[in-house]
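A.B. asks: First to last, the protein sequences are chains Z and S.
Sequence positions in the first sequence follow full-length UniProt numbering and run 1 to 345.
Sequence positions in the second sequence follow full-length UniProt numbering and run 1 to 68.
Certain hints may be false.
Unchecked claim - Below, in silico cross-link-like pairs of lysine to any residue (SDA-like), each with a Cα-Cα straight-line distance of 25 Å or less:
#, chain 1, residue 1, chain 2, residue 2
1, Z, K29, Z, W227
2, S, K13, Z, A27
3, Z, K52, S, P58
4, Z, K29, S, L16
5, Z, K92, Z, D114
6, S, K62, Z, K21
7, S, K29, Z, C7
8, Z, K29, Z, N42
9, Z, K21, S, C23
10, S, K55, Z, K168
11, Z, K21, Z, Q220
12, Z, K210, S, P53
13, Z, K92, Z, R285
14, Z, K63, Z, S208
15, S, K29, Z, P240
16, Z, K168, S, K62
17, Z, K12, S, L12
18, Z, K21, Z, C7
19, Z, K18, S, Q26
20, S, K13, Z, D167
21, Z, K21, Z, L185
22, Z, K345, S, K13
23, Z, K50, S, I38
If you're looking for bench data, these hints aren't it; they were derived computationally from the structure.
If you're wondering where the values come from, they're calculated on a predicted model, not measured in any experiment.
So the chains spell out like this:
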Amino acid sequence: MEDDQPCEEELKLVAEIKEMKARIRTARKEAADADYVTETENLPPLGRLKFKVRKELHGHLAKLTDLHWGKNSDTLVTAGQDGKLFVWDVYKCMKQNAVFLNTAWVMAVSFSPDNTRVASGGLDNILSIHNLEEPEGGTPIELSGHDGYIASIRFTDASHCVTSSGDKSCALWDLQAGKIVHQFLGHENDVNALALASHSQHFASASSDKTAKLWDLREQHCRATYWGHELDVNGVDYFPQCDYAFATSSDDGSCRMWDIRADQMLANLGDDFIQCGSTCVAVSRSGRLVMAGYDDYNCHVWDLLLEERIGIMLGHDNRISCIGSQWIAVATGAWDNNSFIWTAK
Amino acid sequence: MSSHREEQVARLKHELEDLSRQCYFQRLKTSTTISEIIQYINSHVQEDPLLNPVKDNPFNPKKSCELL
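Here chain S stands alone, though its shape is the one from the complex:
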């Protein structure tokens, strides 16, 4: 077998090994994962400055005039 074919065989063996491991991963059910994702989002929305703008956001322009 040429070295090119040997390389192909090695690459394919690696891919098969990889996929076998990925196949036997212990999956959780989406009924669990989706509800936990929704729960995470809902419990963190208050502290998300893009959804609940913070009062003293240093990036936002100051409203009051400053004495120079």
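Excised from the complex, chain Z in its bound form:
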């Protein structure tokens, strides 16, 4: 059949793309006048850190898939494949609110900035907005637009969300208009996670195409593509100075930190001890610690500067699926149906 073969124009574009990627690699090398290992090797090590479970949030009857801290560090929302969202008072270890979803297959959850609403999404491909001021979230506002599952959601302000999807795109939604107002295209496979910069000017995405991308929300385009991971990238979280860097976690077992301003990989957190994929990642308040969840049921704690594993968070009985750092404490969710709140001893 005559259209099975790429046409001349395609072949030309493929060659130009290859050349452009080579130019980017060269430009990145030129910016690398200092080596990360050399610059950090004389810093004093931290020693072993011990983390302890302080709160156990039991209630979900199936695997947890996502969690999000509330604005005051005293509430957490968790999503489970029992089709429920629970909003927890984490100090009292009690459910403040429960939302029963129209679908069991929820993959993403997020508080709105003022915490009066939660958004959820999953294999139904629908972005649902629930009002926590109504019993059981009220009747959800259900927004279509993605052609694939919704993996991650964050509110950029009271009336806008960004989402990442199995349809390979990220999207900016106007919640009042009830639709997608911009599609961020470029990933070549499922977009598994996103993180939003604290000033909402950019967001970072993690994809099964083995790359992470940085997207500018004002200019509405992709600012950078980061190559390096050897398998799907599943998790992403910003460095506390969000214009400096962000971290990713991958099925290749490593977590990496990406330098936004020098446009290249900064740190590679992985070693021979870890023989499984990393599923999610969170960065501590100072940026020194990177906590990541793994398929082996553990979370490991890394010293970002010395690229050393310095702690382990033992407690879950199944794969860690989500993690979130809220300054004082770290929340984890796992396929053992539980969420734990940890602090350093």
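Using the hints provided, position chain S relative to the given structure of chain Z.
C.D. replies: Chain S only, in chain Z's frame:
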């Protein structure tokens, strides 16, 4: 050209445009960025409760006995 081939061409053009823009990004040198990252971390370590546990951490168990 079939619509499939047209789609491929459009996708590749978009990718090339994207990469061109990414290529001409004004990069800072790592000598600057790394030292600023280290500086940021060092100046915020004191207020990182995971590295310097806070005194009244509401998540930690209270040490004193409370009268009921």
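A.B. asks: Each hint needs a verdict: does it hold in this structure or not?
C.D. replies: Here's how the hints hold up against the structure:
no.: 1; hint: K29/Z / W227/Z; in the structure: holds, 13 Å
no.: 2; hint: K13/S / A27/Z; in the structure: holds, 22 Å
no.: 3; hint: K52/Z / P58/S; in the structure: holds, 14 Å
no.: 4; hint: K29/Z / L16/S; in the structure: holds, 21 Å
no.: 5; hint: K92/Z / D114/Z; in the structure: holds, 21 Å
no.: 6; hint: K62/S / K21/Z; in the structure: violated, 56 Å
no.: 7; hint: K29/S / C7/Z; in the structure: violated, 40 Å
no.: 8; hint: K29/Z / N42/Z; in the structure: holds, 24 Å
no.: 9; hint: K21/Z / C23/S; in the structure: holds, 8 Å
no.: 10; hint: K55/S / K168/Z; in the structure: violated, 45 Å
no.: 11; hint: K21/Z / Q220/Z; in the structure: holds, 21 Å
no.: 12; hint: K210/Z / P53/S; in the structure: violated, 36 Å
no.: 13; hint: K92/Z / R285/Z; in the structure: holds, 24 Å
no.: 14; hint: K63/Z / S208/Z; in the structure: holds, 22 Å
no.: 15; hint: K29/S / P240/Z; in the structure: holds, 20 Å
no.: 16; hint: K168/Z / K62/S; in the structure: violated, 48 Å
no.: 17; hint: K12/Z / L12/S; in the structure: holds, 10 Å
no.: 18; hint: K21/Z / C7/Z; in the structure: holds, 21 Å
no.: 19; hint: K18/Z / Q26/S; in the structure: holds, 21 Å
no.: 20; hint: K13/S / D167/Z; in the structure: holds, 20 Å
no.: 21; hint: K21/Z / L185/Z; in the structure: holds, 18 Å
no.: 22; hint: K345/Z / K13/S; in the structure: violated, 53 Å
no.: 23; hint: K50/Z / I38/S; in the structure: holds, 23 Å
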